[in-house]
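*Asks:* Fit chain to chain and form the complex, with the hints in mind.
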Amino acid sequence: MIPSRRLWLRWPFGGQRGSPSAAHDEAATEKYYIASQWQLIWRKFHKHKLAMASGLVLILLYALAVLSDFIAPYPTAQRSSYRNAPPQTLRLVSEGYTGLHVYGYKQENDPQTLRIMNLPDESQILPVKFFVHGHEYRLLGLLTTDIHLFGVEGGTIYLFGSDELGRDLFSRIFAALRISLFVGLIGVFLSFVIGVVLGGISGYFGGAADIAVQRVIDLLLSIPTIPLWMALSASLPPHWSSTRVFFGITIILSLIGWGGIARIVRGKFLELREEDYVTAAVVAGSTSMRIIFRHLVPAFASYLIVQLTLSIPGMIIGETALSYLGLGIRAPAVSLGTLLKDAQNVRVVALYPWLLIPAVFLIVIVLAFNFLGDGLRDAVDPYKQ
Amino acid sequence: MGHFIIRRLGYIAILLVLVSIVSFIIIQLPPGDWLSAYVTRLRVQGATINEEIIQGLKRQYGLDQPPVRQYFTWVSNLVQGDFGYSFSYSRPVKDLIIERLPATLGISVLTILVTYLIAIPIGIYSATHQYSVGDYVFTFLGFIGLSVPSFLLALILMFLGYKYFDLSVGGLYSPQYIGEPWDWDKFVDMLWHLPIPVLIIGLSGTTGLIRVLRGTLLDEIHRPYVDTARAKGLRERVLLYRYPVRIAINPLISTVGWLLPAMFSGQVIVSIVLNLPTVGPLLYEALRAQDTYLAGSIVMILSLFTLIGTLISDILLAIVDPRIRIEE
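Line by line, the protein sequences are chains E and W. Numbering (the numbering used here) for the first sequence: 1 to 385. Numbering (the numbering used here) for the second sequence: 1 to 328.
Bound conformation, chain W alone (with noise of 0.2 angstroms):
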């Protein structure tokens, strides 16, 4: 076990290496460089500027230097914890980050629980009942969770509760408490907003997963063994949750490697659609603003989640298939 957890970080890190290459491709491709936009924008502001700082800075971040060791020095920057600066912000891009990280980290981690506490029973239900009134219903939900995309589906959620609910879907808490210190009022506000974009995050996810579940269940309950089982005498329930669901829940683990990067792609959409305090409209503003090195460190960071998130997902694999470790 432990061998195959060093693996797995060993293939980690290359990937995290390819990773960088591409976030930092992604700061230099927009033509030109924000420190040149900076300046002109400063001085279109009237500042002065003299040539020293401009200097000082592009020498703090290599600008002077071919883009191979510009990568160097922005590699090993970020291992010491310097993301870079933020124009747009004027603020470290660590601070910035590290401001939206709960929002982002609590969302995604409550999506995926959600995902899954939704899925499985669903995924079990259709599969033991297929054909029925039921499966028919999930069935056609789980094609439009497949067909209408995230932000559409936050739009519309936000268009009819504003005209028959009179609500405001959107945002994590209500206008009062922005802004404010925690206390329970702020909290108890927050859980009412939650559900809408955790359902709506999570829910192409949940009609994919519920999809593989009744699929491997459909598969394991018509075999021998399941028969074997029954004509032993074995109650209907004990031996569905003893045997094929214990099959079928492994394909679910491992999907957990193309969850995460769809919920992380679907959360910072939705997030820029209802103003979420995630890191999505922190990527979209910098976008816009072409503040490069704050963007790049945004999808530098959604993709170490992910690599954690499917590290994760290969351990508990591990853990719950020993054919697994054989193999590896």
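Just chain E, same shape as in the assembly (with noise of 0.2 angstroms):
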């Protein structure tokens, strides 16, 4: 039996068969045509570098945020005397030191002004060293250490500088990250499953519930987003921690965002419940949930899945935009919109303008988001070669 097994196995690939060359061209084709949806899909979309690119960075930044507590030399909330510090430059060589490292601050008053100003003072030299001690924090929610991947000794070192209190940028940006990015991921999931139970129920079942479902989602689609985030997120009480209003700022971004999805879904369903293998699975006894789950969203789940990826930038323009205006993630949580309420006043930002980092962050991830998703659409369109 086993001899036999292994003799078809390799009949397609046969080496004996031709030239090498040839034989390997063949194997090639011959992987094409067995090769799965989804090995097609992944062969497509690895053409794509900008969108291979744009995925890497992503998953680049979720580490990133995920790991902001070993990343962030400071606690977010941190304070010093260094107030709108300019950001330090990383130096290799200085007079009387080679290695890396920073110079610390000199603070003078502006002669015209006399505002405080935080300069580079040369003469004092902080190297920066690696897996250094700080302050304690649980990694992952799991470990707890004191242990950063960088810091310095008798100074500060503030990368993108400090805001108006003297709290470490660079710090408040990767703990930021961490909100930002998963409001998103969090938001797109609960669209995901609002939009699949409620798009499948319009679209399998039909008759009053698709004509209820349907109304429902004209009404999101004609009431202007903004405005009805801004009201339903000015509601959520003002008593509540921030890690509640994280969730309950996610909970309406995807209150809005499911619309889209269950339209997908919608017709979808009326497409495929006409297919033979549908009518098999209803003649087999399966339940409705069954038939939904394991055979009909499989069918499109590529689609799904650009669509979601999509609609995670709008989600996390929101809340930056929710969190700009005062409405969203309450201090002492920290997002990307919380750091750019600090650069509201122009006279501020043109004075101190690292403040705007943030946004390029911001826009750094949502055109990310908009590149994977333009390629994702291009791998999983199977008319596009």
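Some clues are possibly wrong.
[Claimed, not checked] Lysine-lysine pairs mimicking DSSO-like chemistry, simulated, CA-CA at most 30 angstroms apart:
| hint | chain 1 | residue 1 | chain 2 | residue 2 |
| --- | --- | --- | --- | --- |
| 1 | E | K106 | W | K186 |
| 2 | E | K106 | E | K129 |
| 3 | E | K106 | E | K341 |
| 4 | W | K163 | E | K341 |
| 5 | E | K44 | E | K268 |
| 6 | E | K31 | E | K47 |
Bear in mind the hints are in silico, worked out from the structure with no lab data behind them.
*Replies:* See below:
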């Protein structure tokens, strides 16, 4: 039994027939024909360099966000006397020192406005050390440790500068990434669940359920989202903890995102429920839930993934906009939006332009999701070569 | 056609009822009711309010009744043009909203016009010059428009204007004209302030429309009928505008359905950042002060505009494309 099986496996790729290169080509074609749908999608996606790069950037950012406590040298709320300090430049060579270091700050008054300025002090060389001990935190919520990726002794290291309370912008940005990135992910997951269930009910059962769901979707699509988001998040009780507010905001954002997904699911269900394999499942006695999740959803999962990827940036922007207006994430939690709130005043930004660094992260994230979604859309389209 | 419009009107009436329920929920959501908050605030300020006035106000707005009854009171007041009372401004909500309607609608209509004026030529150019330098430039700009949230764009433009051109971007008039009666100078001043908000609010919609138009037009210009027309010797320009562009315009009109809500959304937040005299900042202040009647009414009004806009787009689409009338 076993030898014959091995022979059968070898046959399509057979080495004996023709020259080695012809056999190789044949094997490649053969592989193409027997590749699964997901393998084909991966192959097409792999060729889309921009989408691949965006995917890698996003994986990196999510990894950094998860490990933000380890990467950030300071706690988000730790203040210092260096207020609105400019970013410290990493240097390799200075007089009398070679190796990674930054200059400390010296404080001077601006001769005209008498504003306190933090200037780099070239006499104060602070070597950057790796895996240093700092404040305690729980890594991934499991392990209590006080080791941080980098830090300096006898001074401060503000790679992105500090804000008006003397808090490290670098540490705050990485803490903010965690909130902003996961608002998108959790929000999309919720939209997905609501969208598939309601879109499924609407498309699979039809009738009154269909009409009711369709009207609700029409309603959601006709109310301008930002005013509705603002109104709903403004009514979150003021005494809620920042974790509860986070989940509240996520739920509000996903309440509006599910409509588009439900539409797609419904359209696909209407199309697919006439298929023979669905009738076969019904005859075999499968429950409706089983037919929906086992037979119908996998048939268009790839479209859903594209749609979900493309709806993440909208949620991230929504959260940022709400937090920017002071209606979203509340202190002590920080998100990119709450950081940008410090940049609301143009005069302040003109003096301390590094307050706009969170905007760079926001734009990179949103662009990356859009490129990724675009590449995925091309990859899952079976008619596009 | 008449039948079609009546059907659409009935459909919008259903949506309006649903929107009014949502707006009412927004009014009811904050803990406690505005009246007790108002009374507390006045008492803190040292005012003496007797029970009779409170009871009178309660009866007027039906606050002593169950929520469903309150909803019907609110709706019947709404139909009679009474939107309730704003307690942070101590004025009827209706007056506050009417004051800001001209700017809100003016900026919206202008934004939509500019969106189409920019999107249609660029979309046609991108499709007919696929993979040219211009096409790549517009695609790149499109991704920027898609990825930079409008409030951030407003912030960045304000920053650049302040830092490099010493301009105060923001507001709809220069400071010396605020509160002045309308005259020619004020009007010219307003025209100078309009382009930036209109472009910021319109940017994401414009880039979306360019992508839609480019996509549909690209599908169309490779169809056999285009080859036939070309073989007949029709001039390229006439051919393009008479056939494929006419078809590719249809999805553009039907996109008004999502363009309008997106535009009102963008307008609210850009108005807050740029301090424009639209309902956006009013909504923001209302939400911060828990001025619930004002907030709910604004959401209601904005949704109403969206619905009317969608109705107009449906009718336009039925005029442009006879197939749609027959299907209905």
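*Asks:* Broken hints, numbered, in rising order?
*Replies:* 1
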